[in-house]
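So the chains spell out like this:
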Amino acid sequence: MVQEKVAITGNEAVALAMKQINPDVVAAYPITPQTEIVQIFSTYVSNGLVDTEFVTVESEHSAMSASVGAASAGARAMTATSANGLALMWEVVYIAASNRLPIVMPVVNRALSGPINIHCDHSDAMGARDSGWIQLWSENTQEAYDNMIQAVRIAEHPEVQLPVMVCLDGFIISHAMENAQVLPDEVVKEFVGEYVPQKTILDKDNPVTAGPVAFTDSYFEFKRAQSEAMIQAKPYILDVAKEYAKLTGREYGLFEAYKLEDAEIGIVVLGSTAGTAKNVVDKLRAQGVKAGLLKLRVFRPFPAEELSAALGHLKALAVMDRADSFNAFSGPVYAEVAAAMYDSGAQTKLINYIYGLGGRDVGLEDVETVYNHLARIAESGKVDQRLNYVGVRE
Amino acid sequence: MEGLLEVRWHGRGGQGAKTAALLLAESASDAGKFIQAFPEYGPERMGAPVQAFTRISDEPITMHCHVTNPKIVVVLEPNLIGGPVDVTAGVPEDGVYVINTDATPQEMRAKLGIKTGKVFTVDAIKIAMETIGRPIPNTPMLGALIKVTGILEIESLLEDTKKRLSKKFAGRPEIVEGNLNAIRKAYQEVKGE
Numbered sequence: 001m002v003q004e005k006v007a008i009t010g011n012e013a014v015a016l017a018m019k020q021i022n023p024d025v026v027a028a029y030p031i032t033p034q035t036e037i038v039q040i041f042s043t044y045v046s047n048g049l050v051d052t053e054f055v056t057v058e059s060e061h062s063a064m065s066a067s068v069g070a071a072s073a074g075a076r077a078m079t080a081t082s083a084n085g086l087a088l089m090w091e092v093v094y095i096a097a098s099n100r101l102p103i104v105m106p107v108v109n110r111a112l113s114g115p116i117n118i119h120c121d122h123s124d125a126m127g128a129r130d131s132g133w134i135q136l137w138s139e140n141t142q143e144a145y146d147n148m149i150q151a152v153r154i155a156e157h158p159e160v161q162l163p164v165m166v167c168l169d170g171f172i173i174s175h176a177m178e179n180a181q182v183l184p185d186e187v188v189k190e191f192v193g194e195y196v197p198q199k200t201i202l203d204k205d206n207p208v209t210a211g212p213v214a215f216t217d218s219y220f221e222f223k224r225a226q227s228e229a230m231i232q233a234k235p236y237i238l239d240v241a242k243e244y245a246k247l248t249g250r251e252y253g254l255f256e257a258y259k260l261e262d263a264e265i266g267i268v269v270l271g272s273t274a275g276t277a278k279n280v281v282d283k284l285r286a287q288g289v290k291a292g293l294l295k296l297r298v299f300r301p302f303p304a305e306e307l308s309a310a311l312g313h314l315k316a317l318a319v320m321d322r323a324d325s326f327n328a329f330s331g332p333v334y335a336e337v338a339a340a341m342y343d344s345g346a347q348t349k350l351i352n353y354i355y356g357l358g359g360r361d362v363g364l365e366d367v368e369t370v371y372n373h374l375a376r377i378a379e380s381g382k383v384d385q386r387l388n389y390v391g392v393r394e
Numbered sequence: 001m002e003g004l005l006e007v008r009w010h011g012r013g014g015q016g017a018k019t020a021a022l023l024l025a026e027s028a029s030d031a032g033k034f035i036q037a038f039p040e041y042g043p044e045r046m047g048a049p050v051q052a053f054t055r056i057s058d059e060p061i062t063m064h065c066h067v068t069n070p071k072i073v074v075v076l077e078p079n080l081i082g083g084p085v086d087v088t089a090g091v092p093e094d095g096v097y098v099i100n101t102d103a104t105p106q107e108m109r110a111k112l113g114i115k116t117g118k119v120f121t122v123d124a125i126k127i128a129m130e131t132i133g134r135p136i137p138n139t140p141m142l143g144a145l146i147k148v149t150g151i152l153e154i155e156s157l158l159e160d161t162k163k164r165l166s167k168k169f170a171g172r173p174e175i176v177e178g179n180l181n182a183i184r185k186a187y188q189e190v191k192g193e
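So the protein sequences, as listed, match chains A and B.
Numbering follows the numbering used here, in which position 221 of the first sequence is assigned residue number 221; successive positions increment by one, without gaps.
Numbering follows the numbering used here, in which position 119 of the second sequence is assigned residue number 119; successive positions increment by one, without gaps.
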C-alpha cells in the first residue's frame, strides 16, 4: 500500500479522514467551542468533494440530536465537538448510545469551565465515560487519523452497534503539525465500505420504534443489553485493528505497551503525554532504570484483564489523570486501573498523579518527577501518598 | 534527543509567526525530516505578542511538551525585545538569533544583553514592502533563517511555500510570487556580525 507522507495538524488529519469516509450526514454547531475539524470539513462540502448533507444547527445539543435522527434513519452520521460543547450535548449523548446508533464523533479534548479555559485536558471526555460510547484515545495526529477510520468499522459492526468517540488532545495535537501517512481516498472508501443499517425508521416494511418510553417493566433490560454490547465489543475492536494493520502496517491494540515487559516501574497515561513520557522512559533506560509505559487507547470498553496482565509484574505503577474527579480519592483512570489490579491479585504499589489541567504544560521533568517517586516506592515497598499532583503551584 | 533542532518564533498577532513555523516544518517534512510545529494559543488578537515553535529531527519526534530551550530564536517584531517578552529565555549559550530589524547585529546584541551566541539581522519589513507590498515579515524571515542555519535548501523552501500559499491565495499569483521573492531577497540580504 503506497501511503502519502504528509505534514498535517490533528484537526486537518481528522477532517481528511472524514472526507475519505464521506459520511451521509454531518451535523455541527459552527462556532466556539467547535473545532477546525468542522470548519475544514465544511470546505469539502462547499467544494463538492463529499456527498455529505451538512446540517448547521443552533447548538451542540441539536448537533447530537440531528445525528441521532440521521442515524436512526439509516445514515452514516457524524459530528465533532469539544469541551463545553460536549457538555451541552450530554442528554443526547446518552440517547445515541442507548439507541445503539453507530455515530462517530471526534472529541478535541479541552477543559470544561470554569474558570473559562480553551486548552487541553480530559475533563470533557472523562465526564462522558459512563455514557455508553466506545472511546478511542490518540497520541498524535497519525493515531487521530487512524482511529477515525477504524471507528467507523467498530461502530457499525453488526455485533457492536455503539457510538464511538475519537479523542485527541486539544491544541497539543489538534493544532500541532506532525508527520503522518495517509491512505488514498479509494482505499479508505473500500475499508469502511458501504453502511448497511440493520434497522431504520424509514423501512415501512419492517417498522421499528425508536426512542420509546421504557418504564419499570423494561428499562433495565435495555440497559442490560447495552452493557452486554460493550462487554462484547473488545474482540471486534481488535479485529478491525488487525485488518487496518494489514492495510497500513500500523498496529493498534487496546493499549500500547512501551518497554514494559521487563520494567519494574511504569506509568499508565492517555493521549499526547504518552509521547513525551516515552522520551523519559528512553532516558531512564539509558541510566539503567527499568522504566516502562502503558498508553491506553481503548478506555471504553475498559480492558481490565488485559491491563492487569500487562502491569501486574511492576513493583510500582503511577496512573496519570488529565482530569480530576473531585471525589477526594483519585482521578477517573486511576480508580478503574486500581480496581482491575486489585481483582487480579497483583502486588503492585499504585499511585495517582493528576497533571496538565487546563493545558498546563507537561514537561519531561514533570514525567521524570513521577518516575522518581515510583523508584522510591519500588525501593521502600511503601506508598507514602496515593493522590498526587504534578506541575501545579501549591 | 540528539539531532533535535528547536526553533522559537516571536511576533505579534497578524505577522504570521504561526504560518512561518508551519511552513518551515512542512518544508522540512518534504525534505524527509521528522517535524512538529505549533503555535502558543492565548486570547489571540492583532498586535498581541505571540509565539510559535518548530521542531526538526532526523528521528521521529514523540514529545508533546513546550519548547523551553530553543537553539534558534526568530524575532519578527524587534520592539518585543526589551519589552514584556524575554526572547532570550531558555536559549543556550550557542543560541542563534535572527531578527527582523534595520539595525545591525551588533546593535541588536547590545539590546538583547547577551555575550554569547550568534546574532543575525535582516530588514524583513522593507523586503516585504518591496516584494509583497504589505508589511508581513514572516516569509522573508524564513529565507533569512535557512540561510544562517542551513537547515533546508532554499529550493525546497521555495517549492513548498509556493505549494502552500497557492492553496491559501488561489487566484492571486502575485501574492505567491511576492512571497517567493521575499524569501530570495532575505536569503541574500541577511547580515551576521
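Because the hints were derived from the structure by calculation, they are not lab data.
Do not rely on the hints blindly, as some may be mistaken.
[What the hints assert, rightly or not] Computed, partial: chain A to chain B, Cβ under 8 angstroms:
(1) Met1
(2) Thr43
(3) Tyr44
(4) Ile172
(5) Ala176
(6) Thr200
(7) Asp203
(8) Lys204
(9) Asn206
(10) Glu256
(11) Thr273
(12) Gly275
(13) Thr276
(14) Val362
In this text the structure is predicted, and so the values were computed from the model without any measurement.
Ideal Cβ positions, reconstructed from N, Cα and C, are used throughout, including at glycine.
Legend entry - Which numbered hints fail: The structure conflicts with hints 1, 2, 3, 6, 7, 8, 9, 10, although it agrees with all the remaining ones.
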